[in-house]
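> From first to last, the protein sequence lines stand for chains X and U. Quick note: the first sequence uses our numbering, first residue 9, plus one each step. Quick note: the second sequence uses our numbering, first residue 3, plus one each step.
None of these hints come from the bench; they were simulated from the model. Please read these numbers as outputs of a predicted model, since none were measured by experiment. For each residue, glycine too, the CB sits at the ideal point set by N, CA and C. Accuracy of the hints is not assured; some may be wrong.
Claimed, not checked - Stretches of chain U that chain X covers, calculated by requiring three or more beta carbons in the stretch to come under 8 Å of a beta carbon on chain X:
id	region
1	352–361
2	371–383
3	653–660
4	703–713
Stated by the list, open to error - Residues of chain U clear of chain X, computed beta-carbon distances all greater than 12 Å:
id	residue
5	Ala-158
6	Arg-295
7	Ser-614
8	Phe-622
9	Ala-650
10	Val-664
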Amino acid sequence: MAQQAGLTPDGSFALDWRAIKFSRGFVTVVLSTLVLLIVCSVFAPSAVSVGGLSGSLPFAAIIAIVGLGQMLVVQQGGFDLSLAGGVSLAVVITTHLSGGDDAQLFASILIAVGCAVVAGVVNGILVGVLRLNAIIATIGVNALMYGAVFAVAGGVPRSTTPLMAEIAGGKTLGLPNSVLFAVGVTLLVSFVLKLTVMGRRFEAIGANPQAAHAAGLPVRRYQATAYVCAQLLYCLAGVLISGITREPTAFQGDSLLLPSVAVVVLAGTSLLGGRGFPISTVIAAVFLNQLSQFALAVGVPFSAQTIIQALALVFGIGVYSVRWRRTAIPREKLSNSEETNNV
Amino acid sequence: MPEVAPMNDMHAQTAVAAEVAPKIRLSGITKRFGGVTALSDVSVDIYPGEVHAILGENGAGKSTLMNIIAGVFRPTEGTVEFDGVTVNQITPEKAAALGVSVSYQHPAVLDDLSVLENLRVALPARVFQGGDPAAIARGMLADVGLDVDLHLRADALTVGQKHLLEIAKALATRPPVLILDEPTAALDQDATEMLFDRIRAVVAQGTAVIYITHRLAELRQIAHRVTVLRDGRHKGGALVRDVTDDDLMAMIVGRSLASAFPPKCADAAPPTNFAVAGLSGGAFHDVGFAVGRGQIIGIAGVEGNGQAQVMRALAGLEPWRGTVTLNGKTMTTAEVAEKSAYMPSDRHAEGIIADLTVRENATFSALDQLSRLGIMNRRAELAEVNRLFGSLAVKTPGLDAGILSLSGGNQQKVVMARALMSQPGFILANEPTQGVDVGARFEIYRILREVSQSGTPVIVNSSDAAELEGLCDIVIVLSRGHVAETLTGADVTEERIVAAAVKAQTHLADDPATPTNTRTKGGLRAFIQSDNATVAPLAVVIAALGLYVFSQNGNYFSAFNISNILLLATALGFIAMGQTIALLMGGIDLSVGPLAGFLVVVASFFINDGQSPQTIAVGFALMVSGALVVGSINGLLIRFANFTPIAATLAMYIGLQGMSFVLRDGPDGYINFAVMDFIGWKLGPIPVAFVVLVVVALVAEYVLRARRTGWQLRAVGSDEGAARRMGIRVDRVAVLGYIAVALCTALGAVMLMVQIGVGDPQQGVSYTLASITAVVLGGTSLRGGRGTFIGTVMGAILLTQVLNAVSFLGLSQTWQYLFQGVLILAAALIYSTARSQTKA
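Looking at chain U on its own, in the form it has when it is part of the complex (with noise of 0.2 Å):
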């Protein structure tokens, strides 16, 4: 082994580094989620200088262990400290001034942002200071041999590069605790090497290094220290010369509980009740099995070689060909799906109904035969629920409590007497153990053997071998969505699983991390796929539009309507930028409309003729002041009451409605001549006012694209998870962002106030709708962290323009309304389309 050398180097320095103080040091730590302990009472401690790994099973708690040193989580009991100082209430933000960066499992990355916004919303600002940021940025890349264009968006960026540009922000920082989460997982041989070398370089320049992982061979090439997590306990902990391969399996297995699965298939060849043959979809290519009555069939592989989309394609949820065999009759893709019962890996999102009770998440699937005449038996519902979860022995504390006041083993519990429920012609069993605790994952076992024994064949996906060991008479493992080796009998060894996914890993021709064709060139195509693509053709429609009513009513263009447009379209566009900002966020203000009129209303009391100027200036600053009032209380209600956006901003809208109506039943206070001639001032045919609009878009584009605020509000909406976990201060920024939605909004209800020209307190609510609509005419999503402030100009400029040309046109109220119903529906739909078409 070429390694031995310079290991061996490395542990002389260890030697010395265990005499040094620990950089950090966790005592007692338990972390409790409701009702299940992820730790309890781990105490580690890591010091500078060494590659510190935590090593344990799926489920056994390293990733929770590492999410309370990066602040993600707190402690349930337990002490943090950092450098021999405690730090209580530790979060994102704290942890990383400690100097903890940390490369996340799931990269924290953000699909809506390009990788060089990714990095720089990531990383503090005096990592570029001192030179070009893309420079910079392109030498950060360089270092994980990440070669990709800066300016891509990173949800074109295949999985394994995501990882390398996660280790590249984690190590920008140079900092001094370097958390790396399982950093190999999607990591070629090459890319694995050179992660390494950078590991050895910065641990010799001081890092302490916290390594994550459940590979044992990745553990002796890199690590000076180990600590072995299982179901949440501290299993042991050593230096890694001193300890050998079988002591750190015995930590983390515990074979002592392998007696307790139950007995396998005694038929050594039974007859075929279930086969698959020629299965090939999306990332799977001819897979072919075959299970005998009483068998279990394990999938296993590296984590992404095809073994889910195996297991979704077998329950009818992926597209697939090739046949499918149960009990000698081959079956369609319908019968397929129909005979599956399919118990998910993800359980919280695809497993169990949070918001349902017990009893309803066991039966969901199979009311039918609970029903008659499409009638629910309630009795017979109960009685089968019953029957079913007295053979699985679920615990709760009642059939009509919540699912979520279950145990997580319970709850798998559930999902399994569902799958039973529906009396498949087969299970599929995807991860079954995931976040389930011991005892009951024996119980599991159980359960799944017995169903194999009544007859009902079951296929298990799992990424813990010696679950698979334990369980399967059969094991297929999958390499790039190609069976690379078939297990059976003695065959069936954790050993010899791992060593088939391993060894076929390496085998691998092209390497995943480095395709060749995310490299754009040429503007043209960066530019359609930019969130500015829509400014292009929705200049072309307010154009051509424009000629064609020209073309049919000469004063169209005239000097009076042109400004008249511009005028009206300077309101609704300062009011859907607004907009634009709520729905960046991925939320929404629909107390807009109500909000401009309402402040209008409080103008007419002040902004009158005859009034000192000094009245008129606390009537503008009475604008200001309260739109700034009702933006933090929207923003304070969505953020930390937990209302939704809708909920939030209707009930605003509904408030200042009445508001409205309080200060003035009717239209009154009429508004300053000298002050409306003022704000409505032309240059020829164009308002000033719509060059201020225009100069304001341009520069909250340039704020979107170019600064920490433009990329943090595009975080928080694209992936409020992953912003957290960057640091940025999502409460904050999203109470921010409502407050400048309602400052948006005041500046077009002085443009409101100009055109009105008097307080009317039913002035102003059909903004709301009409903003949302520009809004999505320009082109923002309403999914969030995507949006364009100069698109949704033009799309107001395109709304006023479309009601302005029906009167022009001579055409009734009806097309008014039929074109603004048309225009918006055909925007949502070819934006869409074409979304979907570029991430395909």
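Excised from the complex, chain X in its bound form (with noise of 0.2 Å):
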């Protein structure tokens, strides 16, 4: 037990960096990202063509917003179905408000963020506070959310604004914006979570609220933050999905709902809550994105892709299994083991 491997002479610690493991969630997704890189370049050069690319990466940006969002829901041990309600209300808020008129474009992404705060409040409150099931709270409020989006879009798909359409879908430096977006929002949610005392927290409470909790911290409150953070970036996904598509529908969210569980899955984050691992998450976006590329551009049934997809998925939730056996049952047992005096 006592092995003092890092141990310095004066009996402390040192921070050594070469020392630090990367999670097996990074290096598998990493590693499987690569490998279909690679596969692509030889079998179907067109889907890493710059051409290709550009053309394929906006998606791949979207899907890895919503799946940062997914993940701190999923890192606090919940599931939010309300992503395709949240994500459609946002394309028609800022697709149908505006007119088409740039001028009403900002306002009606502060409208379209307004929306996103009040869903993720009663998310957060129903689930946090109220203690309901997370997943059929998330079903209620994903129903009242497409509710307002047919009384804003009457279920009639309206093209955006110009503005609007410039940026999501120009380029900056050759980058798509909507990836620099993504980008933006990677690190923005890699630093608050990994570097800041919040961050901290907040994987604390969703790895053992009980713990975090007989340790005085706010569990609940936490809880809550989780969905509205969630929801603002389904919102910002919905604001560009309506600059990069160029007549969205009303149930543009819907489609982004499993790939968003499949990519925090896929990134390590365990769906029983805590470390959440957002830059996983985005790779793992890029692989899915990748993955579709290439069974396309070989030829690939657009239909036999999902196949595809929940292969990939199975693979990448066995591969964590195993890290799960290995924790989960010693926990189970030691409790059992000890003469507990409480229940």
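Combine the two chains into a complex, taking the hints into account.
Okay, structure coming up:
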């Protein structure tokens, strides 16, 4: 047990940067992505060409942003089905309320952000304070948000303002703007999660809310906050979609729900809550997107792509479930073995 | 002593028994959990016809030994023999088959099942044969003096009643081997006497009784032979009549270690720095004590007399009234919560965070001091952790090692480091040495003493009186939430502490095991508390909604519309019944929607116009076998590959959707009209298929309430650990459960096929969320263990009706979504409020 490997001569622990181990999720995701890119460059060069990438990367960016939102909720042991409604509502508000007029754009984006905050707070109160099951609460809120979607849009798609198309669909220094947004958001989430007091508490609460509560941390507030931050990210994704897609439909968010969960799981975040891996999540989004591109380029019918995604997901979970086994079972057995006096 | 005479008789029997072969022989048993050795080379023989006491402190390994005999744990080394035959790969079922019956210290009682169901699921069917099961069950309860309604849900029982129920279960099978683990912990004097009478009776019939306790007095009353464990080692064994109390004490406690306690506070009356007066809360009343600088105060008492609650209240985790004074300043509730540093007793549940590193575990409550403007200062964090780990002598392979790689003692030191790091006003150590090996134990005592000397008040709650004697300057003994005695100075001895706790205990005025209010009278109240309570309000809502829509639109009650609603509700109803099974097990199945759609697509290749009956039969067979395969994969992934239910069924969801699109890229393959006509056959406005749904739901409901299968299903969802200890084959039940989910979905798919009439890869997916909504409306809990198929069917009808009503009322799609959202949230909130109130 007491192999004091990291001990310096004066008996204290020094942080050896070389000794930092990358998480298993990071290694898995990066390796898989690299392998996929190499396979692509051999068998489907078009999928990794500049043209191909700049066409597909914006979609990877969208999946990355909603994936980060879903990750925050999953970290708190939750599950956010209202992602679909959140994205769709942001899409229809930016396209319909602005009415194609650039001058109205920012006002309508502000309204979208306001709606996102309200939806997040409702989710947060239902799950964090009223202790409803996350799935039930977010099914309900999702339905309410779709009600709002139809109230705004009436089910008719409409194209967005030229300014939005420029902001979301344009390029800066050769990179699609949406990708830059995704990079910015990733850096922000990583910074807050890993280097601030708030983020460290957030992860501790997600990993064991009981222990965090016993240590006096405001568990419910943090759990509720996860839903608000998630909705804000969905909102950003929705606004970007309204600029990228020519005529976004009212159901734009539906197709993002499963990929969002898939990238979170592939990146190694446990669905039981705990540590989050933002950078791995984003790479997983690139991986998932590239997988579709590859399948498309080699002529796999669109239909079969979801099967590939499912297999990738099973593979990903399989890799991590080995780790769960090692930690989860001893915990259960240890607590059985001790004659604890409190149940 | 009145027991003397009968005991001598028993000893005479024992002398005979000792010559017979042992019933159970444990040889060289060692059990390790990760890095912790719970048992080390323990050998014990258990003889029939006598009571064999296993004696030892908390953490000595008594429960681990018992769990090995009961088959819950497998020994790391050593062998277990029953009647001279070595038993390999022991499991709870195998142990039960060999005649081992266990009454657990923490009763394996399922809160979501009734008292009768608890008995029937845990006991073999033969016990209830040849008579009215209820009468037989009542007899079992009467045997242990438990008088409660058989149909009462077990969560309404008191702790004492649950213990009696546990004992009743253990006795009911008339087992050759009976293990009782601290059976009297929650029992009063009368119940204890009754239990001892029962034990004497079964021993007289030749049962081998293993009696686990840490009370010497009980041992004298009941046991013939004793084995003492200390720190997982065998410290001695003897016939009870041959051994004195002093010998036993020496074996249990190991007095030689007593000198290792740090010296106590030298000052007899130091200035008070922490005082509590008139502290009252849920389980304690008017508790008061004062600690001087350099003193450690201990809280003692028989388990469950409010000690833990006092600690939690002072930690700000439970509400309290009264005054708490720190260094002369009276603190508000918020200040108490902020100034306290609490070391929880259940380290794995509340003390450590298993997924985080040693460093993160040490700092997560003190991050504010290790940061600037909310941003972590890594250097400060490392310096602080290093400083504290140095002074606490924490042994760890590295600061970024996982916390579980440390021994129990070092984990506890990390918890202490965290408590100290937040620079607390006072420290609350709840069972600080539980699950800690001896060496680390004394280091923890030293640290607590140093903290106290440095001026930070230390309050220790411990169920180990010897520990309190060695560690504390003052000990208050709690009884039923009141301070029964305050011991100071030379009075702080193990004997005085135990005497005060036990004496107070015998003075209990009323009997905690038989409160008067648990007998429910009248069928209405029982119905309201039952799982089917939601049926009545749902029926009212369905009727009211129907009448309202009818008042707005006369066509609503047309035969066409009624049959339309019911037909739609039938498809949803079957799928939702499947979902109910998943939720009853505490799981969820997200793949039901795509599965239904996929099965319809499969059917659309076979069940067409012009196909031979054989081909059509093949189509149906493929639907069923497809469901079987999908259900098995879901179940196997969840039970044997450690997938969470969400992860497994989500992957299945995506995969099935893909399969549907592979088989058909658009709607094609029209379903045979004759088949559709047959399945859609109606009696008046009522589709026969709907009648079938109702019949299936009623049968399923009957199985759930009255058959072993149903009890097992609910047992797994209610408390998997307890279900496993009862010998239920949890994995098998769960896998079969997910197969049943898929088969119900296949029935739903047949109805879906009739509805859409064509193989369309896009259909079906929406049934996942709809099924969850219907189940929640019906009143099934997502926590597992509680649910109703009838409610689910009504939920499906209500949901279909709402969607249908929107178009009849001429409302837009907006309302369709809003109604759905409001409906599910309202139902979830109402049910969860109702449940929390019936529990309170």
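> Which hint numbers does the structure go against, in order from smallest to largest?
When the structure is compared with the hints, numbers 4, 9, 10 turn out to be violated.
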